[in-house]
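From first to last, the protein sequence lines are chains Y and H. As numbered in the working numbering, residues 58 to 172 make up the first sequence, in order. As numbered in the working numbering, residues 174 to 287 make up the second sequence, in order.
No lab work stands behind these hints, which were simulated from the structure alone. Don't take every hint at face value.
DSS-like mimics (lysine-lysine), calculated; alpha carbons at most 30 Å apart, straight line [what the hints assert, rightly or not]:
hint, chain 1, residue 1, chain 2, residue 2
1, Y, 76, H, 279
2, Y, 101, H, 242
3, Y, 79, H, 241
4, Y, 76, Y, 124
5, H, 242, H, 231
6, Y, 66, Y, 79
7, Y, 66, Y, 101
8, Y, 79, Y, 98
9, Y, 93, Y, 109
10, Y, 76, Y, 98
11, Y, 109, H, 242
12, Y, 109, Y, 66
13, Y, 97, H, 231
14, Y, 76, Y, 101
15, Y, 98, H, 279
16, Y, 98, H, 241
17, Y, 101, H, 279
18, H, 231, Y, 101
19, H, 241, H, 231
20, Y, 124, H, 279
21, Y, 93, H, 279
22, H, 242, Y, 66
23, H, 279, Y, 66
24, Y, 109, H, 231
25, Y, 98, H, 242
26, Y, 124, Y, 93
27, Y, 98, H, 231
28, Y, 109, Y, 128
29, H, 241, Y, 109
30, Y, 97, Y, 124
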Amino acid sequence: DTAVSQTPKYLVTQMGNDKSIKCEQNLGHDTMYWYKQDSKKFLKIMFSYNNKELIINETVPNRFSPKSPDKAHLNLHINSLELGDSAVYFCASSPLGTLSSYEQYFGPGTRLTVT
Amino acid sequence: AQSVTQLGSHVSVSEGALVLLRCNYSSSVPPYLFWYVQYPNQGLQLLLKYTSAATLVKGINGFEAEFKKSETSFHLTKPSAHMSDAAEYFCAVSEGQAGTALIFGKGTTLSVSS
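Just chain Y, same shape as in the assembly (with noise of 0.2 Å):
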């Protein structure tokens, strides 16, 4: 039963490779959202989407390439990894149209660490 899934929970390996991070959520929610949690523990907003549609896109390198086959999926892929990558990637959901739409819900993360 839950909410928001992300597979792999741990992801090591060397620069220069391509990887893929999944998110599910069960929820029924219309928008999905991709946050950085880096080193320092600092949280950033990286996409979001509604409805299978972009809309925030904040300046991350074009390596990082969100892809939502339906609402409620949102993967992020990462091709020619770096060092700087290494960080805890969080998914996260919320719904629309109502007050509870303010409020976001998220993965348990996936810890990426590049070498």
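Keeping the supplied structure of chain Y fixed, place chain H upon it in accordance with the hints.
For chain H alone, coordinates are given in the frame of chain Y:
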């Protein structure tokens, strides 16, 4: 542009003592404010939220926060700390439009000693 400042990156209290975590915000529109808690190696869990209704907001685990527009503050309190409250706490602001990003503060680590 919106921003959040959390005063004190680390707060230490004794078990049973008052918990006070400070958050000040900046917003050009009426803000929507949130406190999230992150336990080690876990995701973020919503503690409470202010969405322009009552200014004193009660959340889970005995936490509450008061929205003070004149002070642009949204401080988090708990009357009596418990060991299980030790975690990272994040204050966040949103413009309140569905689908917009949360802007987070840098977080405050709460330590609770016995």
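Task: Violated hints - listed by number, lowest first - done: 3, 11, 22, 24 and 29
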